[in-house]
Amino acid sequence: GESVGLHLPTLSVQEGDNSIINCAYSNSASDYFIWYKQESGKGPQFIIDIRSNMDKRQGQRVTVLLNKTVKHLSLQIAATQPGDSAVYFCAENRAGNMLTFGGGTRLMVKP
Amino acid sequence: GAGVSQSPSNKVTEKGKDVELRCDPISGHTALYWYRQRLGQGLEFLIYFQGNSAPDKSGLPSDRFSAERTGESVSTLTIQRTQQEDSAVYLCASSYNPLPNTGELFFGEGSRLTVL
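Protein chains in written order, with the working numbering: chain A, 301 to 411; chain B, 239 to 354.
Watch out, some of these pointers could steer you wrong.
As the list claims (entries may be wrong) - Derived pair list, reagent style DSSO-like, types lysine-lysine, alpha-carbon separation capped at 30 Å:
1) A:Lys342 x B:Lys249
2) B:Lys295 x B:Lys253
3) B:Lys295 x B:Lys249
4) A:Lys342 x B:Lys253
5) A:Lys410 x A:Lys342
6) A:Lys356 x A:Lys368
7) B:Lys295 x A:Lys342
8) A:Lys371 x A:Lys342
9) A:Lys371 x A:Lys356
10) B:Lys295 x B:Lys255
11) A:Lys371 x B:Lys295
12) A:Lys342 x A:Lys356
13) B:Lys255 x A:Lys371
14) A:Lys356 x A:Lys410
Worth flagging that the hints you see were computed from the coordinates, not collected in a lab.
Extracted from the complex, chain A is given alone in its bound form (with noise of 0.2 Å):
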């Protein structure tokens, strides 16, 4: 989802739940998409990753969906767990060096 300012988009899900979130990129030459973690007053923390000659791919208990038709992208997290409270973003390469992030998704995990 894209950010405005300190206002996240915010997904509230309850523990045990599947949790999706989405993301839109911008660029049709991406080839390279990345999901990672931010917890809290730490850096972000790779998740999984996912090329453009694929359209899924899946982690423990992890799932990324790519459709490059439409240019979006979605992290499924299954049986969603209070540890997994955290701001999630996504972040696309297209070729170089660079990594081009989203502007984050708040996950909160209701006990």
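Let chain A serve as the given structure and place chain B on it in line with the hints.
The following block gives chain B in isolation, referenced to the frame of chain A:
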């Protein structure tokens, strides 16, 4: 150390002063990145170092910003004549392989800069 180390963790300075922020990457990581994160926002790329190659400075917002790295070790980000809009968390990251080979960047906890 086990992770990327940044110092200082917090810095409060007066407008017009110079500041230096330090990053110790993970040993053996050839790629080093600096990003800036304003409150509640995503990360903005600043500069990238890879081995002994010329750095990619394309993200530096003005000539008040500069960075150095000695070989594959410590990097210093310097902001001269700080302005209030420089207030942000400055994040350093390193990786064993550079982009686009891997997007698994290991980030430090950042240096929070507040310019009064």
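Evaluated hints:
With a CA separation close to 16 Å, the supplied pair Lys342 (chain A) and Lys249 (chain B) stays within the 30 Å bound. Between Lys295 (chain B) and Lys253 (chain B) the alpha-carbon distance is near 24 Å, which keeps this suggested pair within the 30 Å criterion. Between Lys295 (chain B) and Lys249 (chain B), the direct Cα distance comes to roughly 23 Å. Compliance with the 30 Å bound is thereby established for this hinted pair. With a C-alpha separation of about 26 Å, the suggested pairing of Lys342 (chain A) with Lys253 (chain B) holds against the 30 Å cut-off.
Between Lys410 (chain A) and Lys342 (chain A) the alpha-carbon distance is near 21 Å, which keeps this suggested pair within the 30 Å criterion. Simply put, Lys356 (chain A) and Lys368 (chain A) have alpha-carbon atoms about 11 Å apart, close enough for the 30 Å limit, and the pair holds. Pair hint Lys295 (chain B) plus Lys342 (chain A) holds up; C-alpha atoms about 25 Å apart against a cutoff of 30 Å. Distance hint between Lys371 (chain A) and Lys342 (chain A) is fulfilled; the C-alpha atoms sit about 29 Å from each other, no more than 30 Å.
Only pairs whose Cα atoms come within 30 Å are accepted, and Lys371 (chain A) paired with Lys356 (chain A) is accepted, the gap being roughly 14 Å. Pair hint Lys295 (chain B) plus Lys255 (chain B) holds up; C-alpha atoms about 22 Å apart against a cutoff of 30 Å. Simply put, Lys371 (chain A) and Lys295 (chain B) have alpha-carbon atoms about 28 Å apart, close enough for the 30 Å limit, and the pair holds. Among the hinted pairs, Lys342 (chain A) with Lys356 (chain A) is consistent with the structure: their alpha-carbon atoms are about 28 Å apart, no more than 30 Å.
Restraint check: the Cα-Cα separation between Lys255 (chain B) and Lys371 (chain A) comes to about 43 Å, which exceeds 30 Å; the hinted pair is violated. This hinted pair checks out: Lys356 (chain A) and Lys410 (chain A) have alpha carbons roughly 28 Å apart, not beyond 30 Å.
When the structure is compared with the earlier hints, a violation turns up for hint 13 alone.
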